[in-house]
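Listed in order, the protein sequences are those of chains A and B. At position 74 of the first sequence the residue is numbered 73 (numbering that gives the first Met the number 0), and the sequence of numbers has no breaks. At position 166 of the second sequence the residue is numbered 165 (numbering that gives the first Met the number 0), and the sequence of numbers has no breaks.
No lab work stands behind these hints: they were computed from the structure. Some hints here could point you the wrong way.
No more than 16 Å apart at the CA atoms, straight line, and that leaves these computed lysine to aspartate or glutamate pairs for EDC-like [unchecked claim]: (1) A/K59 x B/E191; (2) A/K66 x B/E378; (3) B/K23 x B/D51.
Here are some, though not all, of the chain B residues that point toward chain A, as calculated from beta-carbon distances under 10 Å [claimed, not checked]: (4) E43; (5) E195; (6) N383; (7) V384; (8) I387; (9) S388; (10) I404; (11) K407; (12) V408; (13) S415.
Just so you know, even glycine gets a beta-carbon here, dropped at the ideal spot from N, CA and C.
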Amino acid sequence: MSVKQISIFLENKPGKMCEVSEVLAERGINMRGISLAETEGFGIVRIIVDDVYEATTVLKDNDFLNKLTSVVVAEIPDIPGGLSQILKVFADEDINLAYMYALSAEGPTNKAYMVFKVDDHKTAQAALTRAGIRVVSQEEISSL
Amino acid sequence: MEKYFQKEIECASREEITRIQNEKLTEQVKHVWNNVSYYRKKMEKAGVTPDDIKTIDDLHKLPFMSKADLRETYPDGLLAVPREEVVRIHSTSGTTGKRVIAYYTQGDMDLWEECCARALVAAGASKEDVVQVSYGYGLFTGGLGLDGGSRKVGCMTVPMSSGNTERQIMFIQDLKASIICCTPSYAAYLGESMKEMGLTAKEIPLKAGIFGAEAWSEEMRKNIEETLGIKAFDIYGLTELSGPGVAYECSEQHGMHINEDHFIAEIIDPKTLEVLPHGTQGELVFTAIDKKGFPMMRYRTRDICVLSEEKCSCGRTFIRMAKPMGRSDDMLIIRGVNVFPSQIETVLLEHGYQANYQIIIDRVNNTDTFDIHVEMTPEMFTDNVAEISKAQNELMQGLVNMLGIKAKVTLVAPKSITRSEGKAVRVIDNRKI
């Protein structure tokens, strides 16, 4: 059920993120979610895309070092307190979050989507499902 | 079974080698005295005449030659034969000022190519081998030197020259090249590229490589040997002394045998210029005793290394020189500390990185800044920022331990540092001193 996130190594220099987004755009790849972790010298940009294979291929062809990481994507009602429902589940189950960020959803919708990186994504998914929260699969990413 | 190109000389007794050296040296001193006014003046200034040089024990009486002498005599002040005797020139870029032009008679070409042939045979070459020469062809001695050596052995010689990695790999695969000659950094790059293409060491037909023209470490040797599935041999030489093949490694891979029937090696203290006993570290000095077009007497190579007289189990009797620590030209003085790029390379490989790096030095507010850009590798990259930073800090600590001074390490994207298809740009020194 987990979703594949692509983590890309980026030098901390002007224009580097632009290059990534350009090579993906040229191949018609749509980013649904993005987050950036930065240090003084380098950054890791994490993206969720509709076509993982195509994206990793084009990144490799352009010498962008990247790695796939399993993450959990959960659907929440787009209302105040929506996120808290999920975080409460993680807190109650003692699941530690490494990082999280939001995904975009197309069209008018009352749903929001969150990406979570946890140590054990299977346990996290099971906990969410038990709490009645919908977990999104890789196949669904392109239709969100 | 150890193979030799010229067994009688490569395995000659010490007495025989000394006899040859005495004979050739006295001849050579007369040759330069008679034919090169620059040498004669230098010798006169030092109060030496050819009569003072009777055996190799008198070598120390001769004045040294250095890059400065070569600059001063550009373009042909050291040419020792009539121009019509010259069949080839080679040239090397001086790091400062003028280039060096070396002249070769047919005899000089033959002896040089024989030296290269000895190196190739010591690396296992025979007539059945296909030798891909991926050093640059042209004024650089690497390409044409090994090319000549390979043809002397009778190998099928592929004059690839440097560059065009895809074509290099295609020829290695399609012609079943068994031996490759190039710079070690290019060998490492070829290995990486072949690995990326999904080729395993077993699928690569190469069995040996001869790598020189750059300083490289034992770790880098292991790395290249593993990725290409070969035995990697070191070769030493410089244009001033003909080119590659002045010294070459045998199957023992433990120091390079100096072609002593053509070159006499000495180790000196670079400060006092005193000759040091074998086994002591110092600057390597060479005298070319039978090269006629462009003779070189007591040439200071700037290479810091050690000579060993220890008997080699390969059967060769030529003394061996250790892999140079680096040229004293390469030696950087940063915040008053001597730093060799080869030390940095060693630490990088120990910490799981590859030897793809660039040193950037500058001076800000009278203090040297010391930055090392290191390429990130697929093996070292993870999604976890903390893990990458931890490895980076460990690397910086490793560098402090090795060098005694702190460097700032910046991780950069793979292949972002200019690659050497000829020689690597390892150091950018922006200090205006």
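Here is how each hint holds up against the structure:
1. A/K59 x B/E191: holds, 14 Å
2. A/K66 x B/E378: holds, 10 Å
3. B/K23 x B/D51: With a Cα-Cα distance of about 15 Å, the restraint between B/K23 and B/D51 holds, given a limit of 16 Å.
4. E43: violated, 59 Å
5. E195: holds, 9 Å
6. N383: Result: holds, 8 Å to nearest chain A Cβ.
7. V384: holds, 5 Å
8. I387: B/I387 check passes; min Cβ-Cβ to chain A is 7 Å, inside 10 Å.
9. S388: holds, 6 Å
10. I404: Where the cut-off is 10 Å and the nearest Cβ of chain A is about 19 Å from B/I404, the hint is violated.
11. K407: holds, 9 Å
12. V408: holds, 8 Å
13. S415: holds, 7 Å
Hint violations for this structure: numbers 4 and 10, all remaining hints satisfied.
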